[in-house]
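Heads up: the protein sequence lines correspond to chains D and P, in order.
Counting from 1, position 212 in the first sequence corresponds to residue 212 in my numbering; the numbering is continuous, with no gaps.
Counting from 1, position 161 in the second sequence corresponds to residue 161 in my numbering; the numbering is continuous, with no gaps.
Misleading hints may appear alongside valid ones.
No farther apart than 27 Å at their CA atoms in a straight line, the calculated lysine-lysine pairs in the BS3-like style are these [to be verified]:
id: 1; chain 1: D; residue 1: Lys-320; chain 2: P; residue 2: Lys-55
id: 2; chain 1: D; residue 1: Lys-241; chain 2: D; residue 2: Lys-3
id: 3; chain 1: D; residue 1: Lys-313; chain 2: P; residue 2: Lys-73
Calculated from the structure, these hints are not laboratory results.
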Amino acid sequence: MGKTLFEKIWDRHVVRTIEGGPSVLYIDRHFIHEVTSPQAFQGLQKRGLPVFRPKQVVATADHNVPTLHQELPIREELSRKQVDMLVQNCAAFGIDLYGLGHPYQGIVHVIGPELGVTQPGMTIVCGDSHTSTHGAFGTIAFGIGTSEVEMVLATQCLLQGRPKLMRINVEGKLREGVLSKDIILYIISQLSASGATGYFVEYAGEAIRALSMEGRMTICNMSIEMGARGGLIAPDETTFKYLQGREFSPKGDAWEKSLAYWKTLHTDADAIFDREILIRAEDIEPMITYGTNPGMGIGVSQQVPSLSSIPEKEQGNFRKSLEYMGLRDGQPIRGQKVDYVFIGSCTNSRIEDLRLVASFVKGKKKAEGVEVWIVPGSKQVEKAARAEGLDRIFEEAGFQLRQPGCSACLGMNEDKIPAGKYCISTSNRNFEGRQGPNARTLLASPLTAAVAAVTGKVEDVRAYLNAG
Amino acid sequence: MNRIISTIVPINIENIDTDQIIPARFLKATSREGFGKNLFRDWRYEQDDESKPKKDFPLNNPTWNGKVLVAGKNFGCGSSREHAAWAIKDHGFDAVVSSFFADIFRNNALNNFLLPVQVSDDFLQKIFEAANRDPSTVIDINLETQTIRIENTGEQESFDINPYKKTCLLNGYDDIDYLLSLRKEIETFENSNQSVA
Chain D
1 MGKTLFEKIW
11 DRHVVRTIEG
21 GPSVLYIDRH
31 FIHEVTSPQA
41 FQGLQKRGLP
51 VFRPKQVVAT
61 ADHNVPTLHQ
71 ELPIREELSR
81 KQVDMLVQNC
91 AAFGIDLYGL
101 GHPYQGIVHV
111 IGPELGVTQP
121 GMTIVCGDSH
131 TSTHGAFGTI
141 AFGIGTSEVE
151 MVLATQCLLQ
161 GRPKLMRINV
171 EGKLREGVLS
181 KDIILYIISQ
191 LSASGATGYF
201 VEYAGEAIRA
211 LSMEGRMTIC
221 NMSIEMGARG
231 GLIAPDETTF
241 KYLQGREFSP
251 KGDAWEKSLA
261 YWKTLHTDAD
271 AIFDREILIR
281 AEDIEPMITY
291 GTNPGMGIGV
301 SQQVPSLSSI
311 PEKEQGNFRK
321 SLEYMGLRDG
331 QPIRGQKVDY
341 VFIGSCTNSR
351 IEDLRLVASF
361 VKGKKKAEGV
371 EVWIVPGSKQ
381 VEKAARAEGL
391 DRIFEEAGFQ
401 LRQPGCSACL
411 GMNEDKIPAG
421 KYCISTSNRN
431 FEGRQGPNAR
441 TLLASPLTAA
451 VAAVTGKVED
461 VRAYLNAG
Chain P
1 MNRIISTIVP
11 INIENIDTDQ
21 IIPARFLKAT
31 SREGFGKNLF
41 RDWRYEQDDE
51 SKPKKDFPLN
61 NPTWNGKVLV
71 AGKNFGCGSS
81 REHAAWAIKD
91 HGFDAVVSSF
101 FADIFRNNAL
111 NNFLLPVQVS
121 DDFLQKIFEA
131 ANRDPSTVID
141 INLETQTIRI
151 ENTGEQESFD
161 INPYKKTCLL
171 NGYDDIDYLL
181 SLRKEIETFE
191 NSNQSVA
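The shape of chain P in the complex, shown without the other chains:
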């Protein structure tokens, strides 16, 4: 994962919690696949009925499509369910842009190669405005240079990402592989009796 260049799906709502992203009643599956069809379930359909899509919800509106979800601040708050990141990824998104992410969601997203891009409140509004003026607005997210750019206005901003995580994303590394490589060191730590276990 290095560069994501795509049109966007804007959901201009703040404090989108993981219960909205994927309601608890859809967490009964025991594999990681297939959560995308229930992404934003209760905002997407009337009366929990797939044959009654809410036409004005961005996921149902043909005006909006793309690999980048753009949402209001404090995205992903609430429950730790990784199913939220799985559902977003499964639906076809590669990045989420917001002016603020909840901590656990951010980690879950990174562990699934879904890039959380935190921008300023101002820049977030610029993206929403640009997309409202022209739904074919393209966003260019460059992980290597840590920049996000609105193609048709040329406005851009840099974003932060932990250097370790950046390396992982760029090279497709997993935290678990790294931790497994430390097993000897972990055993030594245990024997030093530092922990209270």
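Okay, chain D solo, but in the shape it has when bound:
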């Protein structure tokens, strides 16, 4: 019997399997950041251990950094201490750090691929649930807790049970105005916020193949939002073209050797999955969430579900969710007023996202009373945006182009949405309080967010594309 892509990578990384227990899985690349690493380093210090393979660890500061005036010392004391501690730990343990001020600094899941650190066939972990992003390159990549960060720092290995495998085939062609973000929001709305728990998901099919690497990263990024441990996509010419010539991509003979291996990384025709799902690309319209978990999504032309359409057992949670959001059941989502627009996060902050937003807003102005934050995923994205003149387009539209970081995706720094305000956000989570206490998040694609920025409401992007 053939093997799935996941099995090919997994099997190659198993050091040993404990009988009736998990496997000892070797980890090729370990990304760390300031928030989930300090206690792991503390653990190593307590045990008097070095970092086992410091050259396989890459660090950056992203979760807790300001997005304005990064050249100045961080004002908030606890945040400054946490970022400083990462600098000290990386120096003490011999880890390369792309910290504040470094030209490679940025959101960990943006810089890994951008630098070519992320390569097909690897196992990759990070103390962050959106590590699944790297799966877009045909890797086994998943988020871990801090105790596990300590294990990987100490031994370059983790104890992991093998997850079940699911394949989601997205067949056909996407309709105009529908982006990869809409695909994944649609999938999660179909499967629910826990529908893929216990699984690793391979995304396949014509509509996935047709996506750019940026688009594929957006899909894999949100795998965790339906509970999946991770998601992955088989590498192909799009992947190889993206990686060629990047800072840490193999060069010369090593490139040819790697390429030969990467080309074997696909699911065999007779491989078997525990679960397979078929999605038709043409069924997907621009999506938006109305509730407080990413599974609560609908097409922009639809209405918030009516209470009577919700199973009785779930009505309490549904009601609580709508109450938090200040929305009525059965109301159309189109026309919903927004106060903030956040374009950023490890889901949608790459240069392709910024180009798309700029191409739509060029020559337009933001709606009155709406605050628009564009937070690039990395210094390199920011540099490219400026080199291409996107900064001027944003400025003329009244948008703020900020500096790289996780920012209002999780509201850990000062970029918080005020209580009761609506934010249309290209990020990945609409949980209560995620963007600030009592903030109300509507998740959407960068295009739908751009339309909201200029109209001040949730609108159907397709109406604007057709109007030219």
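We have chain D; now place chain P onto it with these hints.
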């Protein structure tokens, strides 16, 4: 850790994500201690103000106390922050009972000797009902026999746990000690060039 016999704190809400358990703005500490006081911060206090507890939230309601947190399905979804497990443990809980756990939270809990007990939807409802009828309802969780029992009704169910993890919990073993004991084998693996690093 073998047996937990305690009254419960019920939070009958589904999909409790780790942002609710501990909001991101409280993740700035660099040690593992002290997260308990911000457990469920935004559900616990009005306007982020500790002097304004929300009286009906179970953690503020003197009716409810104990070492076992019982919550709706898909508990611990979202962010990988281990701070969520630290906060629950720091607050004084030794076990969380739900009908479904998110994967990363489950691992984080186990690594902190916080026992995640997954029960059927029906049994979960039975616990909520028993506690509603009588808040002094005691739950008996036996790790050795992998059973959970509602003392005053006698209803019980068995729960799954990975045998390796069970051994670790019963004996206080750490994954890291086990992995450190394999360092030679890991080096041999690296030299065999199987990985792509």
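(message) Let me make sure I understand: some of the numbered hints might not hold for this structure. Which ones are they, in numerical order?
(response) Of the numbered hints given earlier, the structure breaks none, since each of them holds.
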